[in-house]
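K.L.:
Chain by chain, the residues run as shown.
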Amino acid sequence: MTNVLVVAELAQGKSRKTTLSAVAFAKTVTEATGGSFDILAIGADAESAAEELTGFGAGKVLTAEIEGDYICESYAPTVAEVAKEYGVVVACASTFGKDLMPRVATKIGAGVASDISKVSVEGDELHYTRPMYAGNVFGTMKVTTDIQVVTVRQSEFEPAAPSGGSSSVESVDVVDADCEGKIESLGIEVVESERPDLGEADVVVSGGRSLKSAENFENVLEPLVDALGAAMGASRAAVDAGYVPNELQVGQTGKVVAPKLYVAVGISGAIQHLAGMKGSKVIVAINKDKEAPIAQVADYFLVADLFDAVPAMTEAVKKAKAAG
Amino acid sequence: MKVLVPIKRVADPANANKVKVAGSEVSHDGLEWVMNPFDEWSLEAALRLTEDASAKTRTGEIVVVSIGPKAAVDTLREAMGKGAERGVLVDGEDTALDSNVVAQILAKVVEKEQPDLVLMGKQSADGDSNIAGTKLAELLGWPVINYASHIETSDDGKTLTIKRELDVGVQTLKVQGPAVITCSDRILKPGTIKNGVTPADFEYPDLGDLNSRLSNLKNIMAARKKPLDELGLGDLGVEPVRVDEYVGFELPAGRSGQAQFLESVDELVQKLQSEAKVL
Ligand SMILES: Cc1cc2nc3c(=O)[nH]c(=O)nc-3n(C[C@H](O)[C@H](O)[C@H](O)COP(=O)(O)OP(=O)(O)OC[C@H]3O[C@@H](n4cnc5c(N)ncnc54)[C@H](O)[C@@H]3O)c2cc1C
Ligand SMILES: Nc1ncnc2c1ncn2[C@@H]1O[C@H](COP(=O)(O)O)[C@@H](O)[C@H]1O
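Residue numbers (this note's numbering), protein chains in the order written: chain A, 1 to 324; chain B, 1 to 279.
Just chain A, with the same shape it has in the complex (with noise of 0.2 Å):
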């Protein structure tokens, strides 16, 4: 019997979609191994945040009100304090979650498994299987700790549906922070758009170093992203070259996505672009050089100039779409 805690990821008072793929995990595991799980919920609004959160099947949800923007210092001790008494803790593999799990391991003397892609139950035994070396290698580890804690990553755990029932809401102790005065939130600067987000569209479309401006991402290719409905990513040579946000990197070291379809627009598919989406159902390559190596993976492929391609797609799916 493994007992799990999830720690919920939270934005402006809500919970993020990336806490139901922890969640997801919570009830595989638990579901195999007879055992339950709680959802704490940490941060500004914890308390409005932890009402969405008591349908899907949790024995209690937890809350930690912390004031102010989320630091990994201020969260860790409470989180930690709190974990003492599951199995399993686990959170997402975002940023959040990548940033703040290992402070927490470390206080409880955990190994962590980051960025899993699969759990399996094997005996008495977790096993974890994680994409390595910007996934060209499936690794399957065990955490050999009393407490094991995991990320997961949001595109292999499709996220829980709220399964009715109505947890019972708690609140915490909320442990002082670490390193007061060391470190300080200044703020964090949101970059809002109307779009789909990138970990939970089913389309994405994403452009390249090839779009040459931030002018033709935004008169070239959003249109296509928005006549599919699509959210829009980058590589990262587009955002390095300043056309598009951070947040919009997809790949290695940017945001993983499994969409039902990935449009590639002048992406050559270097293999840490491959490692963000090679996982999705269907992928288009919209490239002028057949060469290039987002061929290996593609399923269609259209040789073209993307400045011809991209505004006559964008009028046909709009056809194809009227015509429904």
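Because the hints were derived from the structure by calculation, they are not lab data.
Incorrect hints may appear among the rest.
Said to hold, decoys possible - In silico DSS-like links for lysine-lysine, alpha-carbon gap of 30 Å or less:
hint	chain 1	residue 1	chain 2	residue 2
1	B	158	B	56
2	A	319	B	277
3	A	321	B	277
4	B	56	B	194
Unchecked claim - Pulled a few chain B residues facing chain A out of the computed Cβ check, cut under 7 Å:
hint	residue
5	166
6	169
7	175
8	245
9	247
10	252
11	265
To be verified - Some residues of chain B that are not near chain A, with every Cβ distance over 10 Å (derived):
hint	residue
12	91
13	112
14	116
15	156
16	199
17	225
18	235
19	239
All values reported here derive from a predicted model rather than from experimental measurement.
Cβ coordinates follow ideal geometry from the N, Cα and C atoms, glycine included.
For chain A, the structure is supplied; the task is to place chain B with the ligands on it using the hints.
P.N.:
Okay, now just chain B with the ligands, sitting in the frame of chain A:
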């Protein structure tokens, strides 16, 4: 300012698709060992923090440290060829290390070296764990700033203003050193590092697809004479404990089928609709 830069050598990540699985191990026969690119970024960032780039003088000290077999000396010499002052090699077998072991050893090296900052990669390009930096910070009781894209130091070098990249946006932090910082891809963009010495209008050359500055023959020769300590775990007084165990490795299932090359947009859209059924 004294900066400690931990560096791992890894099998060339640009050819990671050539990595094989042999029995219960990963094999990278035929791949070159290179400096972990994530660590190269932090090395370059550390160099920029500790120099007057316009006068071309070093104003601080960088100690590079690697845990690995004897051959990892080459990686340390390479880093010294780019400008780091000293190297420390801690004896360790690549396969006996996990991020927990690495963090424990690095904590001892930090105690010994007393740097003002540790600048490291957010992840190793082989294991992709993204753990050691934060674990190290907790062992030291220091703040950690992961995914830094901008670092600005106060005049006395003690206070840092750091921007870091999160999934939800960019966070600005004020930090009192010493601290552990891991770097994002953007750390080497123009104007991201301000050390109060290099003139604000100085522009570093664009690195293009390089992960750090090149070193010339003269520097490489000079690097051979720079001090390099080789330490065993006994010298550091640490018996690190491993907390994970790999039970097997597999190559990912390839994608089924080959790319269909198409020439027309209409054909593509039609196939997406009726064949792939994604529209
Ligand atoms: C440690 C490390 C981590 C990295 N992490 C990431 C990551 O997370 N994500 C990522 O994306 N990259 C990452 N990279 C960078 C990666 O190696 C590549 O440099 C980058 O992905 C290239 O971006 P690109 O495909 O846009 O540009 P390029 O490689 O320059 O490719 C441009 C492509 O556009 C095509 N093209 C040009 N003009 C047109 C046109 N008019 N019409 C149609 N096609 C055209 C070209 O044929 C070419 O294939 C990382 C690198 C390192 C070292
Ligand atoms: N063997 C090693 N020697 C020196 N530094 C290391 C070693 N392994 C990991 N590191 C450092 O820890 C960072 C994060 O590693 P990881 O947790 O393994 O992804 C790397 O980018 C390096 O800076």
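K.L.:
For a quick check of understanding: which of the numbered hints are violated here, in increasing order?
P.N.:
No hint contradicted; all consistent.
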